[in-house]
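K.L.:
Given the structure of chain A, go ahead and fit chain B onto it with the hints provided.
These are the residues of each chain, in order.
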Amino acid sequence: MSTSFAKKTPFITRPMIVLFLALGTFPLWGTSVGLYDYLGVEIVIWIIYALGFNLLLGYTGLPSFGHGAFFGVGAYSYGLFQLNVFESVWLAVAAGVVGGAVVAGLVACFISHRRGIYYALMTIAFGQVCWFVSMKWHTVTGGEDGLLNVHRGTLNLLVTDASLKDNADLFYFAFAVLVAVVLILWRLVHSPYGKALQAIRMNQMRAGFVGYNVWLIKWSVFTLSGAIAGLAGGLFAIAQESAYPDVMSLHASGFVVMMTLIGGGFVSFWGPVIGAIVFFVARDFLGSITETWLLWYGLMFMGVIIFKPEGIAGAFQDFVAKRRARVEN
Amino acid sequence: MDIILNLLPHLLNGLALGLLFALIALGFMLIVGVMELINLAHGSLFALGAYVAMTIIDPNLSGYGAFGEWYMGLSLTLRYIIALAFAPVIVAFVGMGLEICMRRTYGKKAEYGLLLTYGAALVLEETIRITWGSAEQVLQIPDAISGAFIAGGMIYSNYRFFAAGFGLVLILVVWLFLEKTPYGSIIKAGAHDSEMVRALGVNLTRLRLLVFGLGAGLSAIAGVVLTPIWGLRPHVGVDVVIPAFLIIVLGGIGSFWGAVIGGILVGLTVGIVGALAPEWSLMSMYILLIIVITFRTRGLLGKKSALEN
Numbered sequence: 001m002s003t004s005f006a007k008k009t010p011f012i013t014r015p016m017i018v019l020f021l022a023l024g025t026f027p028l029w030g031t032s033v034g035l036y037d038y039l040g041v042e043i044v045i046w047i048i049y050a051l052g053f054n055l056l057l058g059y060t061g062l063p064s065f066g067h068g069a070f071f072g073v074g075a076y077s078y079g080l081f082q083l084n085v086f087e088s089v090w091l092a093v094a095a096g097v098v099g100g101a102v103v104a105g106l107v108a109c110f111i112s113h114r115r116g117i118y119y120a121l122m123t124i125a126f127g128q129v130c131w132f133v134s135m136k137w138h139t140v141t142g143g144e145d146g147l148l149n150v151h152r153g154t155l156n157l158l159v160t161d162a163s164l165k166d167n168a169d170l171f172y173f174a175f176a177v178l179v180a181v182v183l184i185l186w187r188l189v190h191s192p193y194g195k196a197l198q199a200i201r202m203n204q205m206r207a208g209f210v211g212y213n214v215w216l217i218k219w220s221v222f223t224l225s226g227a228i229a230g231l232a233g234g235l236f237a238i239a240q241e242s243a244y245p246d247v248m249s250l251h252a253s254g255f256v257v258m259m260t261l262i263g264g265g266f267v268s269f270w271g272p273v274i275g276a277i278v279f280f281v282a283r284d285f286l287g288s289i290t291e292t293w294l295l296w297y298g299l300m301f302m303g304v305i306i307f308k309p310e311g312i313a314g315a316f317q318d319f320v321a322k323r324r325a326r327v328e329n
Numbered sequence: 001m002d003i004i005l006n007l008l009p010h011l012l013n014g015l016a017l018g019l020l021f022a023l024i025a026l027g028f029m030l031i032v033g034v035m036e037l038i039n040l041a042h043g044s045l046f047a048l049g050a051y052v053a054m055t056i057i058d059p060n061l062s063g064y065g066a067f068g069e070w071y072m073g074l075s076l077t078l079r080y081i082i083a084l085a086f087a088p089v090i091v092a093f094v095g096m097g098l099e100i101c102m103r104r105t106y107g108k109k110a111e112y113g114l115l116l117t118y119g120a121a122l123v124l125e126e127t128i129r130i131t132w133g134s135a136e137q138v139l140q141i142p143d144a145i146s147g148a149f150i151a152g153g154m155i156y157s158n159y160r161f162f163a164a165g166f167g168l169v170l171i172l173v174v175w176l177f178l179e180k181t182p183y184g185s186i187i188k189a190g191a192h193d194s195e196m197v198r199a200l201g202v203n204l205t206r207l208r209l210l211v212f213g214l215g216a217g218l219s220a221i222a223g224v225v226l227t228p229i230w231g232l233r234p235h236v237g238v239d240v241v242i243p244a245f246l247i248i249v250l251g252g253i254g255s256f257w258g259a260v261i262g263g264i265l266v267g268l269t270v271g272i273v274g275a276l277a278p279e280w281s282l283m284s285m286y287i288l289l290i291i292v293i294t295f296r297t298r299g300l301l302g303k304k305s306a307l308e309n
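So the protein sequences, as listed, match chains A and B. Take the first sequence: its position 253, counting from 1, is numbered 253 in my numbering, and each next residue is one higher. Take the second sequence: its position 304, counting from 1, is numbered 304 in my numbering, and each next residue is one higher.
The following block holds chain A by itself, in its conformation from the complex:
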């Protein structure tokens, strides 16, 4: 995040290639180290979600603690579109994106003139409203059970059709979406718009004095983040073959915050990626030893906040800086 203005940022960087190679080949090596394809799907979806979320938390410094709402709206939009409108994976995913963006855009109208803890509070309140609506509006959302008849469908690829029934195939689809999201977001945060986001994080008032329309930027970044959450939600609906209120709860919203922070979203573009991977590996690894893995994950999270709020990416940056200093001496 602390790139100098003089140096042009390349479209593709080394960490990006490493990530794409390591993650893109997951179905080839995942099962041989005891993992399973569906885990890869989950990780990719949550990476997309967390990357979009970090646009707010890490880049603009806006604490949104009800972000699960837009993820959930994306999932419902996907399901409702598929069940009621038209049978197409592309269009249904697009419906998820639009759904997330519209709801986030509406919410952003109410909160974009706020800062700090009041911002956090309002996002929680709106997140809870969405969660309640999804629980209670039985005729549309199916209540607590959610939409049950969502199916994976086939993906129209112009020359051929690909079924998403198999987890490995679904993984490649989600991964392709992830590649697109990473490339776009990387470009975005290094554009003048991205610099404006960081200016708002550092000092909102000064950013205003310089001439940025702070309200509009905050509104647009929230909407964009909601759209990405909706995209992830749509993919999640495919993966789960359903959409349900649980992902909109305060707990689920908290998970994405924890991922982003543990990974180090405040200091690195890649923080959310690391965080999402750590979260799911911790869930599976700790979950296989103890039923109360959340206790240990919670303790780990507390430890990170107390001792290293910059997260894993921050610790890594410190390590690199220290080694460089040693080499120079």
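What the hints contain is simulated information worked out from the structure, not anything from laboratory work. C-beta: ideal position from N, C-alpha, C; glycine also. A couple of the hints might just be wrong.
[As the list claims (entries may be wrong)] Listed next, the stretches of chain B that the computed footprint assigns to chain A, with coverage defined by at least 3 CB atoms under 8 Å from CB atoms of chain A:
id	region
1	95-106
2	111-117
3	237-247
4	283-295
P.N.:
Just chain B, lined up with the frame of chain A:
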């Protein structure tokens, strides 16, 4: 006229509920007001208080011989009073432990403190799950305050009114403590200008520890008094912390009477909406918050707070 008569019982119930909500918000308010810290573990401390009280009222003392027999021989009322007195003290110490963990986040962004307490809430909830199991439990109450009475064709639960009265008394006690004792003055001064308070020779570190302990204790008392109404589950914490949060924002961060008014307002809203459209009663409070905050940025009685930056 008819409508008003029909609504009267709901208003009364809403008012009682409002006092309970205010009671929940009390400990939360104290910590927010003095330490400018959103304590998301508030709900889990509430739940912990209730679980500890449940264990004090009905412990498994079969291995403790004479003491166990003597203790279980005590009347339920006496054991209830013991629980009401000691559970908050135990939880206060847990809260103090949390405050010690918190110290490294002071002076950093307010979100860090909030996130740390979120982690603590997760840890406390899981600890409760391990210790007491996930199933719904019952907190026994003495016969004197259980049961129900009928007035004007409506059934009222005795316990609800006991709890509301208890809430009212506790609110007054806390208010007297904050307004009429030197400790209260120091606490309020600490909220206003902590640096000046430190310059005047007050041990701020200890003050914060005590305030956090007090806040945790108050949430535990609320837990003991309220769980017979709301039931006792490990995740009751989330159901509690959100309304508390909401009431504080509604009333204005750092304002004592704001919290009380906010609580009563939420109680009335939930009560009345509950009478007309029960499905939506819990959601009505969020709508209330959004409406109020849209027009009054800092809540009903709020003043400018450092948490806004």
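K.L.:
Quick check: which numbered hints come out false for this structure?
P.N.:
none
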